[in-house]
Amino acid sequence: MKINVQPKEGLLVNAFLVMFFIHSVQTGVGIVGLPRIVYIAAKHDAWISVFLGGLFSAFVLAMIVLMLKKYESADLYGIQVDVFGKWLGNALNVFYMMYMTISFFVILMNYIEIIQVWIFPEMPTWQISLALILLTIYAVNGGIRIIVGVAFMSVLGTLWMVFILVVPMQYADPKNLLPLLNTDLKHIINGVYKTSLSLMGFELLMFLYPYVKDKKKIFMYTQIANLYTTVFFTAVTMVCITFFAENGLARTIWPVLSMFKIVRLPNLERFEFIAVSFWMLVILPNMCAYLWAASKGFNRIINWKQKKGIWIIGILVWGGSFFIKARYQMNELSDFVAHLGFLSAFCYPVLLSMLVLVKKWFLRRKKSSAEAS
Amino acid sequence: MFKRKSENKRSEDKKPHSLNVDDLKKELETAIGDCSDLNFRTINKNGKKIVYCFLSSLIDKTSFDEFLLSPVQQSTQNEWTTESLAQILPIAELSVANQLKEVVSSLIEGKSYIYIDGEPYGILANVGSTVERSLEKAETESLVYGPKISFTESLIGNLNIIRSNLKDPQLCMEDITIGKRVKTPGKLVYVKDIADEENVNTFRQRVTDLEYDYIPDTTVLGQLIEDNSWTIFPQIMSTELPDRVTLSLMRGRVAVLMDRSPSAIYGPTPFLSFFESTEDVYMRWNMGFFLRMLRIISIFLSVLLTPAYVAVLTYHYEVIPSALLISLGQSRANVPFPPVLEAILLEFVIELLREAGARLPTKVGQTMGIVGGIVIGQAAVQAGFTSNILIIIIALSALGSFTSPSYLMGTAIRMVRFPIIILAGIWGGIGIMFSFCFILVHLLRLTTIGRPYLTPIYPFRWKDLGYSIIKFPTQYLSYRPLTNRPVDKQLFPKHKGVEKKDVDE
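Just so you know, the protein sequences line up as chains A and B, in that order.
Our numbering puts the first residue of the first sequence at 1, with every later residue one more than the last.
Our numbering puts the first residue of the second sequence at 374, with every later residue one more than the last.
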């Protein structure tokens, strides 16, 4: 397997668009439930946890970019084979592919659950999952340019939701945030761990890297995207803490959607129908990106056509959607994926980048000593 | 065996016609004489026979008599060769030929073949006349402001109009033949140092590689060289206004014109250029900006309103404000159908009216419009067929879809509404969002002559926004749109646009 991927000139994406890609992949279904999960862990200092979580993900992003810059134009599949050798590297590649397939599955099922709770209680899961999976397959068949385009349009199309935050702020009580830093460090760290499920997604940069046009600017744009996501999540968490009562936030499963309920327009009464429908535009780039990266493994590892891999994963996921029937199953799955994601998206890239740095330094020393002698 | 046969055929093609005048006449008659109006006129000069062959329905009789017959009859030369004959004929376009196939095809084009007995070559003289109409106002695209003439069916006349509009020495008009069996002459028009080389090559290659029998019109040509023929969205713009073509040429696009076709096609045209009308250019920038916004919003609403009505009334009645709920409920109470069927039925009736109105002669058409619009609508409501509010919504969306300046895009918008209504009837608000996502992904996947369809939105070209969605004041638009990758980028020097004077200077 080739370590470096050299795509054709016409398939490359501008570095500017990487910003939108990273932000939209980070913002998915996680944010609707984020405030409650962090609040249970860190109480009213939850926003500090979210902010620290954002800083942590910025650090991990920096390590990822550092690692990717050491290679000419490789993605994660190539790097793992380079560092660990053929057999262990490919085994890790397959494991990463399975992780991304499960992430895709979890995002899809989370959104379907939201639809089933808020709009259509009797909609059968397999119908809407079939439609969404087919739409994702259609988008991924167009290639990475289309996926980055979907991410760009999704960020533009949902920009207005940021301004809706003003409405709950009118009913907010800032005293809910005080006393500051009352919780001890252990709980805040626990909160950071819980935030990680929502901030995940930036590890897809490792797959996007070969397709970017001017690779030198990636560092700046990814940090800007992560900063924007961090600030946005922190703001949402702060507004949730000040808006909801203390016990209420711990019992509202989707606080962000509940906050949409209070918006009143002159000729629309219940706004959350529109918000939940728009959420499809928010999760579509997430699903497309995960499916694209997972099916790329088929192409890189076994040399099958990527389209075949797309259909295989799509059918698998659709089959899996028949098995989740109850809320507790969804909970268990989300917790499992959160744990897996923390390891795969936060811890593992840091470890891998350190291994890559060591290896490259070693090779350089060997080469300079060979040249000297 | 097959190889020898094809060699035989090739040598047959290259055989010149017989050198005897009578044999030539017989050969031409076997080739095209039986079912056409082939005529001959033989003159004897100094013992040599000169024969004129022509198709009498294609030539201009006066110029034939004046410029071909009378110089020869009145000349007092002694030696009659092809060269001396060419010297005395006062015709601008003369060429020589001796292949039978070439002679036959030139006769069909309207030329006349003059052959002196025994000479190796004969002369082809262009005395063709074509029936054409004079310049008229544009019918399918009407403007309030700006030049109003439209193209006609004659290629020479259309080229004349474009050359007069655009007196640029770099304007290049390449000859291309369109069609394999019926070779219609066409022209590939572009400005040499503005249009991108790749665009021109793509156009040229696509048109010349076509193996199609007979292409009646440039719109058919546009369909054949499009990137994707399965989609409803057009990827090549076709217009009958010359100023639209010249505007696009100066922005770096490539146009194709064809004989006998009163419209021209040009490309590459991204999605937003289908919502541009030349009025936006001729009006001041604030008016142009306002009009363009109005157009885009009205088209967006026309796609959204009817499905929103269907979705809200079928599944999400909680969204309707309580003040409106009573009147909506009252008007819906009389209707026996679910909102989906009601909406589709009424949309169908509107499409019927529009299609019928396009076919009727103008005198009857106006009455039918009033009858259809008002009377049928009122009667339908009173019969309990539909509700009042739906009629208003459908009328607004129909009006909205007609604001599109391009007829092709307007039809596409109307077609797109039907699946969205059906999806809204099945899945409500989720269905509408699903169809929007699908259309978004579909538009992202389309390409127009190899360029992405949604520029300048995606890939994001900051400088081109001033041309497509928003309209900047002219002093800030010192560059041509980058989406066409023009070679010569500047329209005017940038500093001249934004010079500012101090107070009392």
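Think of the hints as simulated: they come from the structure by calculation, not from any bench.
As the structure is a prediction and not an experimental result, all values here were calculated from the model.
A couple of the hints might just be wrong.
[What the hints assert, rightly or not] Simulated DEER-style distance windows between Cβ atoms:
(1) A:Trp304 - B:Val517: 31 to 37 angstroms
(2) A:Leu363 - B:Leu583: 52 to 58 angstroms
(3) B:Phe673 - A:Phe163: 18 to 24 angstroms
(4) A:Asp214 - B:Trp603: 44 to 50 angstroms
(5) B:Trp603 - A:Trp304: 22 to 28 angstroms
(6) A:Trp126 - B:Asp566: 25 to 31 angstroms
[Said to hold, decoys possible] Derived SDA-like pairs (lysine to any residue); straight-line CA-CA distance at most 20 angstroms:
(7) A:Lys213 - B:Trp835
(8) A:Lys325 - A:Trp87
(9) A:Lys8 - B:Ile812
(10) A:Lys8 - B:Trp835
For every residue, glycine included, the Cβ atom is placed at its ideal position computed from N, Cα and C.
Each hint, compared with the structure:
1. A:Trp304 - B:Val517: 31 to 37 angstroms: violated (59 angstroms)
2. A:Leu363 - B:Leu583: 52 to 58 angstroms: Cβ of Leu363 of chain A to Cβ of Leu583 of chain B: about 56 angstroms, so the range 52 to 58 angstroms holds.
3. B:Phe673 - A:Phe163: 18 to 24 angstroms: holds (20 angstroms)
4. A:Asp214 - B:Trp603: 44 to 50 angstroms: violated (35 angstroms)
5. B:Trp603 - A:Trp304: 22 to 28 angstroms: holds (27 angstroms)
6. A:Trp126 - B:Asp566: 25 to 31 angstroms: violated (59 angstroms)
7. A:Lys213 - B:Trp835: holds (17 angstroms)
8. A:Lys325 - A:Trp87: Roughly 38 angstroms separates the two Cα atoms, so the pair is violated.
9. A:Lys8 - B:Ile812: Answer violated: Lys8 of chain A to Ile812 of chain B is near 27 angstroms, above 20 angstroms.
10. A:Lys8 - B:Trp835: The given pair, whose Cα atoms are some 24 angstroms apart, is violated under the 20 angstroms limit.
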